[in-house]
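2 protein chains.
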Amino acid sequence: MSLSADNDATRRAGAILTVDLANIAANWRGLRDAGRADGKPIDCAAVVKADAYGTGAAIVGPRLAAEGCRQFFVAQIEEGIALRRVLPEHPIHVLNGLLPGTEADFVEFGITPVLNHLGQLNAWRAAAQRFNRPLDAVIHIDTGMHRLGFSPEEAQVLSNERGRLRGLRLALIMSHLVASEEQANPINGEQLARFRSFVRTMPGAPASLANSSGIFLGPDYHFDLLRPGASLYGINPLPGQPNPMLPTVTLHARILQVRRIDALQTVGYGAAWRSARPSRVATIALGYADGYFRTLINRTHVHLAGHKVPVIGRISMDLVTIDVTDVPEAESQPGAPVEILGPHLTTDDLADHARTNAYEVMTALGRRYARVYLDAGVDTGPAA
Amino acid sequence: MSLSADNDATRRAGAILTVDLANIAANWRGLRDAGRADGKPIDCAAVVKADAYGTGAAIVGPRLAAEGCRQFFVAQIEEGIALRRVLPEHPIHVLNGLLPGTEADFVEFGITPVLNHLGQLNAWRAAAQRFNRPLDAVIHIDTGMHRLGFSPEEAQVLSNERGRLRGLRLALIMSHLVASEEQANPINGEQLARFRSFVRTMPGAPASLANSSGIFLGPDYHFDLLRPGASLYGINPLPGQPNPMLPTVTLHARILQVRRIDALQTVGYGAAWRSARPSRVATIALGYADGYFRTLINRTHVHLAGHKVPVIGRISMDLVTIDVTDVPEAESQPGAPVEILGPHLTTDDLADHARTNAYEVMTALGRRYARVYLDAGVDTGPAA
Chain A
1103 MSLSADNDAT RRAGAILTVD LANIAANWRG LRDAGRADGK PIDCAAVVKA
1153 DAYGTGAAIV GPRLAAEGCR QFFVAQIEEG IALRRVLPEH PIHVLNGLLP
1203 GTEADFVEFG ITPVLNHLGQ LNAWRAAAQR FNRPLDAVIH IDTGMHRLGF
1253 SPEEAQVLSN ERGRLRGLRL ALIMSHLVAS EEQANPINGE QLARFRSFVR
1303 TMPGAPASLA NSSGIFLGPD YHFDLLRPGA SLYGINPLPG QPNPMLPTVT
1353 LHARILQVRR IDALQTVGYG AAWRSARPSR VATIALGYAD GYFRTLINRT
1403 HVHLAGHKVP VIGRISMDLV TIDVTDVPEA ESQPGAPVEI LGPHLTTDDL
1453 ADHARTNAYE VMTALGRRYA RVYLDAGVDT GPAA
Chain B
1103 MSLSADNDAT RRAGAILTVD LANIAANWRG LRDAGRADGK PIDCAAVVKA
1153 DAYGTGAAIV GPRLAAEGCR QFFVAQIEEG IALRRVLPEH PIHVLNGLLP
1203 GTEADFVEFG ITPVLNHLGQ LNAWRAAAQR FNRPLDAVIH IDTGMHRLGF
1253 SPEEAQVLSN ERGRLRGLRL ALIMSHLVAS EEQANPINGE QLARFRSFVR
1303 TMPGAPASLA NSSGIFLGPD YHFDLLRPGA SLYGINPLPG QPNPMLPTVT
1353 LHARILQVRR IDALQTVGYG AAWRSARPSR VATIALGYAD GYFRTLINRT
1403 HVHLAGHKVP VIGRISMDLV TIDVTDVPEA ESQPGAPVEI LGPHLTTDDL
1453 ADHARTNAYE VMTALGRRYA RVYLDAGVDT GPAA
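So the protein sequences, as listed, match chains A and B. The first sequence begins at 1103 in the working numbering and counts up by one. The second sequence begins at 1103 in the working numbering and counts up by one.
Read the hints as simulated data drawn from the structure, not as lab findings. These numbers come from a predicted model, not from an experiment. Think of the CB as a built atom: it goes at the ideal place given N, C-alpha and C, for glycine as much as any other residue. Do not take every clue at face value.
[Stated by the list, open to error] Covered stretches of chain B, going by a simulated chain A footprint (3 or more residues, C-beta under 8 Å):
hint, region
1, 1341 to 1353
2, 1415 to 1428
[To be verified] Not the full set, but computed from the structure, chain B residues with beta-carbon under 7 Å of chain A:
hint, residue
3, Ala1206
4, Asp1207
5, His1219
6, Leu1358
7, Gln1359
8, Ala1373
[To be verified] Where chain B lies over chain A, by a calculated footprint (3+ residues, C-beta under 8 Å):
hint, region
9, 1363 to 1370
10, 1461 to 1468
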């Protein structure tokens, strides 16, 4: 690959993150079609919280809307307000719910809070009264996560007293699966049963249970709306099985310098790596300040001109050192792009090396990376 | 503490990072004065790379300039360009050096590359010729890091052939210490000796060796310019000893919801925590997408109204669960601010819990946090 140099930020960047919008769109279509294969008019939302898992919500959101996506989920109201600027009409739901004192913000920007307990429901009803208009509401029922959502007791209250929703339009009932990536885990079926019995008490309200992995638990879990996040961005929803999703990000960092060192010399902070032979060490332009975690020490590799190249020494804040002794000099010169994430090493692979998950790798993707967006292989230019 | 609600972003925020500019300034003055105690006119720069270690370079840079700081270091040219917008006159040096093809950018924005090898020196001299003006240069000599900087052989070439600097103004000679936080490590003295012997070959050029911990190695290491980074932001430059720096950041996240659960119920993804007794679990508004690392699972705590409260279950992308069973209900209601970092738990403490260093904790501080800046205890308002 050659790094595109058609704009200032890309030319100057030490590292470039390329986001494939066409693949994100294809992932969304594939999940939507998996839902429609049931023969029911199942819709598919997009979870674009945490800046669309590091890929850029302001770009990814409108692209998925153009693809036909009609509903969007974020975690925080501030993310919803930012998304509202580029998606003036689409429903936007805030998963973290309604913080005390923010009701007027939700109304002003036309954003829907996911109501997670009776206190939030009451506050939102009061807002509907105050603003003298019906307001959309999403009700989140906890079926086992014990994190956010109506407790079983509160859900029972709501089932028995539908009048508590007066003044609101019930846009969606939802719940969240605890371990959907473990297909044989009995907790999935238990959560499904609890969710179904609540849904039955709310006839006519659309319902949603399936996150990315939940979609693959089968039609019983699909209800009216799928809610994929991670899988849109290429993270494998089926750990241990082949990944059905297309990859969406590649990351390249440039070589800043190449140094020859003798045998038994050390590299980096704390002299943490020692050469076994006369070596060539390249320093590349990314570090843990860019989300390339310090836990990767002595545990991962990169790719350069077809060669698998070990990362050596400590990860620095802004720099990483690699052993290019076995790479021809002509292919390891300053400026050369080194593949950090891409065809040879996926986000799932890097997460494994860092002893975390691909979600954390993606949401940590650095703000200093120049971001280039591709659509059907065409460079659509950098982010605004 | 009560979270200030005097602007929209702060009112709506799930979590708020407070940066104490007065303490950053006091840390800078303290380090500068440590240098001046030698009786020589030693200057003190500020390293503000990685967005001033997560605190906000666009705010911190001008604040330190107002305090008297005259030189600034960043890692990447793009960081230098951003800083140039708020510091139109001060020297700004880019540690990662001169990437091929970026010479005109450095000239356009009046930013100095730290030249890390002869190839970069030659390219910068060619730029001086092309633009027909003398250009400032910083020369970085590698004295043992084997990461960036002139190799011993290249340094020898430069010492022997001063004409290679023709057309440039030698603004600074510098090197970087490998293990300055280990005061007894013999590598410090070895690097000092190598640096001294190079400096002697460049009479008249200002020299700089000491990073934060290096300043505490004593006057021999001070030369003409101190280059603190981490210690400005309160990170302890003397691991294992009392921290001589003032803290500069506090972080609070709000309670979104409190749930009662029975004994032997589980919380969170993968059902990773199980209650030993009937419990009250609060969910707070931050997660690993905000740099609250997944490695913190079962290893840290937060503080709420004077109580030390354990973090339980997996860290989620946008949420953390805490066990507030022993906190009075009146003090653990939705909206209440929970101390994540502050007087009770420093960045060094949290880094220890996450098995990393405070540098990574700070550079990972989330972009979703509302940022509030204090100066001498006065709220100077949020970032623009």
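Cross-check of the supplied hints:
| no. | hint | in the structure |
| --- | --- | --- |
| 1 | 1341 to 1353 | violated (count 0) |
| 2 | 1415 to 1428 | holds (count 6) |
| 3 | Ala1206 | violated, 10 Å |
| 4 | Asp1207 | holds, 6 Å |
| 5 | His1219 | holds, 5 Å |
| 6 | Leu1358 | holds, 6 Å |
| 7 | Gln1359 | holds, 5 Å |
| 8 | Ala1373 | holds, 6 Å |
| 9 | 1363 to 1370 | holds (count 5) |
| 10 | 1461 to 1468 | holds (count 4) |
Hint violations for this structure: numbers 1 and 3, all remaining hints satisfied.
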